[in-house]
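Visitor: All chains should be modelled from the sequences, with the hints used to inform the complete structure.
There are 2 protein chains.
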Amino acid sequence: MTATALAADVDLAAYYAGRSVLVTGGLGFVGSNLARALADLGAWVVVVDSLIPDYGGCLFNLDGYEDRLKINIADVRGHGIEYLVRGHDIIFNLAGQVSHINSMRDPFTDLDINCRAQLSILEACREGNPQTKVVFAGTRQIYGAPQYLPLDERHPVHPADVNGINKMAGEWYHILYNNVYGIRACSLRLTNTYGPRMLVRHSRQTALGWFIRQALDNEEIEIWGDGRQLRDYTYVDDVVDAFLRAGMTEAVNGKVINLGGRAPVSHLELISSLVEVAGSGSYRLVPFPPERKVIDIGDAYSSFALAAELLGWEPKVSLRQGLAETTAFYRRHKEHYW
Amino acid sequence: MTATALAADVDLAAYYAGRSVLVTGGLGFVGSNLARALADLGAWVVVVDSLIPDYGGCLFNLDGYEDRLKINIADVRGHGIEYLVRGHDIIFNLAGQVSHINSMRDPFTDLDINCRAQLSILEACREGNPQTKVVFAGTRQIYGAPQYLPLDERHPVHPADVNGINKMAGEWYHILYNNVYGIRACSLRLTNTYGPRMLVRHSRQTALGWFIRQALDNEEIEIWGDGRQLRDYTYVDDVVDAFLRAGMTEAVNGKVINLGGRAPVSHLELISSLVEVAGSGSYRLVPFPPERKVIDIGDAYSSFALAAELLGWEPKVSLRQGLAETTAFYRRHKEHYW
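Sequence order for the protein chains is A and B.
Numbering that gives the first Met the number 0 puts the first residue of the first sequence at 0, with every later residue one more than the last.
Numbering that gives the first Met the number 0 puts the first residue of the second sequence at 0, with every later residue one more than the last.
Errors might be hidden in some of the hints.
Intra- or inter-copy, both count: the list cannot distinguish identical chains.
To be verified - Derived DMTMM-like pairs (lysine to aspartate or glutamate); straight-line CA-CA distance at most 25 Å:
1) Lys292 <-> Glu122
2) Lys254 <-> Glu290
3) Lys315 <-> Glu275
4) Lys254 <-> Asp151
5) Lys254 <-> Asp295
6) Lys292 <-> Glu249
7) Lys254 <-> Glu152
8) Lys292 <-> Asp53
These are computed hints drawn from the structure, not numbers from a lab.
Guide: Okay, here's the thing in structure tokens:
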């Protein structure tokens, strides 16, 4: 799927062609897919990524695009960001520590990346690029255990791990800098995102990435609990489409906006679809591991009504289609991701 | 007013006598009043404070108590806290950067104190004192501009400055460590607190402290806007009473609980009462300064219904009585605070 096919109703190419954009975390899963789409649309793309081992950043994610964008290896926690934010029309700010388990094991690193570095980026914009627009990658998980479903943006936030608290603060800095300093910024609260270039090397970042790897390795996938828990999933091309729309839409400034899947899916339905689409792997139900149970939040899925209203966005790729694209990608490029 | 007079209905002395307690920020305004009350109740009190200039900490705040408690000068951002938290039955965690203006001028220092150091304290408890109980000083200001009044704990949080975002994160760490690690913790969300030992040296921390100084200096107090904005005020002895009750109440673990004033008071009513009680000073209305207007939140006052239910707490000291005690204190000890 090419980027221009993502959104027939808005003219992304007319907007992005010739614009200068920065993608932090641009060698990561969503960031690299976004950077590729931006390059395809004719934007001048600079990607910043620290390539911290096990975080998901990977040079192969921009394979074939090395001459079509600039890759700048840098850590958003350090100096250099003051320079790097300058001159860009739009900053897609996706650099983050996204593992819940890592955040509990090492809360200070999570704090430095998800809070302190976000403040650095925004301060750098205030100093050196106040005209820019920032689109931040937030997360549905800051809602915590849902009080009602689907989760809309008015749902109280109730983070259930250190990562959730820090992502919440990082998101708020963006809204604050929009409101107080006029640095146009918004946050997209992503739900479970999957697709080509997601991290499948270990299971600490996403469960689904690990399941995909297990299916392709023809292993038995363990489903925790009774498998009836509902979640929603968005294919990465749909998420990229939302970022592109947010970057060109003034109506989202100062707002947090949920993305969401087409429909809630049970774990059992997800895994059985995956095994069927992959044509390999199997599954069985096992009891919930205690260390995950204490931070588990039960059924959780988001309403994307506000994204539909403000961005004209909706998820277009079905779960089966998305899983087919994903498994095909990893079969083709297994040696770079395993 | 002695601490035991604060709460005839609960036997604070029976609970606190002989207990080991730590008060972080214990040379500051609320912290020092709390430390004095704890010493009066017979507790073994250790006070930790960094005495950062202009933050409000002041050795004279514990004048007369130097031999009745231990004063340990240390910065909660640094090492030492791992040792200092050990062995205490209760930790009253009041160390913080509390100036909204400072947080906008130097957001990273605010982050280090209000987020990172809070995480350090909680990690230190997890490592070295998991049996302790922590009572955190939160703030009403994280609600931001009220969507309804009075503000209860279900009101969405919407911080309007960097300080509010960081205090929100710091509070959430406490709730998280309670929920996940069983480190018993709660947060009291303080509203405007006033009384003896509050900082009156500059106007960056509280408006009321500065007004009190101006009245006692027989100066003209400027009231921003039309003076009709409503706020609530709690006298520090009432706030100390709430902390003492929270420290001995298991039902508050994992909860955030508003404190609140007896009734909302307009700026005009506040200042005219102050000038009358002080017998000096005057006031006039002036336009709102733009740099404050952008972070101003309009009318704001809290419901203390949950504190009443869980702690049996209510504010007992009237505004006029509190202002009389406060102005008398500063007349007596002006040389230490001006």
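Visitor: One pair to classify: Lys292 and Glu122, alpha carbons no more than 25 Å apart. Within, between, both, or neither?
Guide: between (38 Å within a copy, 21 Å between copies)
Visitor: Checking an output row: Lys315 and Glu275, CA cutoff 25 Å. Within, between, both or neither?
Guide: This pair counts as within: shortest intra-copy Cα distance 21 Å, inter-copy 68 Å.
Visitor: First find the shortest C-alpha distance between Lys254 and Glu290 inside one copy, then the shortest across copies, and answer within, between, both or neither for a cut-off of 25 Å.
Guide: between (34 Å within a copy, 22 Å between copies)
Visitor: Which holds for Lys292 with Glu249 at a C-alpha limit of 25 Å: within a copy, between copies, both or neither?
Guide: between (41 Å within a copy, 24 Å between copies)
Visitor: Indicate which option fits the pair Lys254, Asp295 if close means a Cα-Cα distance not exceeding 25 Å: within, between, both or neither.
Guide: between (27 Å within a copy, 19 Å between copies)
Visitor: Which holds for Lys292 with Asp53 at a C-alpha limit of 25 Å: within a copy, between copies, both or neither?
Guide: Intra 23 Å, inter 45 Å, cutoff 25 Å: intra-copy only.
Visitor: Regarding Lys254 and Glu152, is the shortest C-alpha distance of 25 Å or less found within a copy, between copies, in both, or in neither?
Guide: both (9 Å within a copy, 23 Å between copies)
Visitor: Is it within, between, both or neither when you check Lys254 against Asp151 at 25 Å Cα-Cα?
Guide: Intra 13 Å, inter 24 Å, cutoff 25 Å: intra and inter.
In this structure, none of the earlier numbered hints is contradicted; all agree with it.
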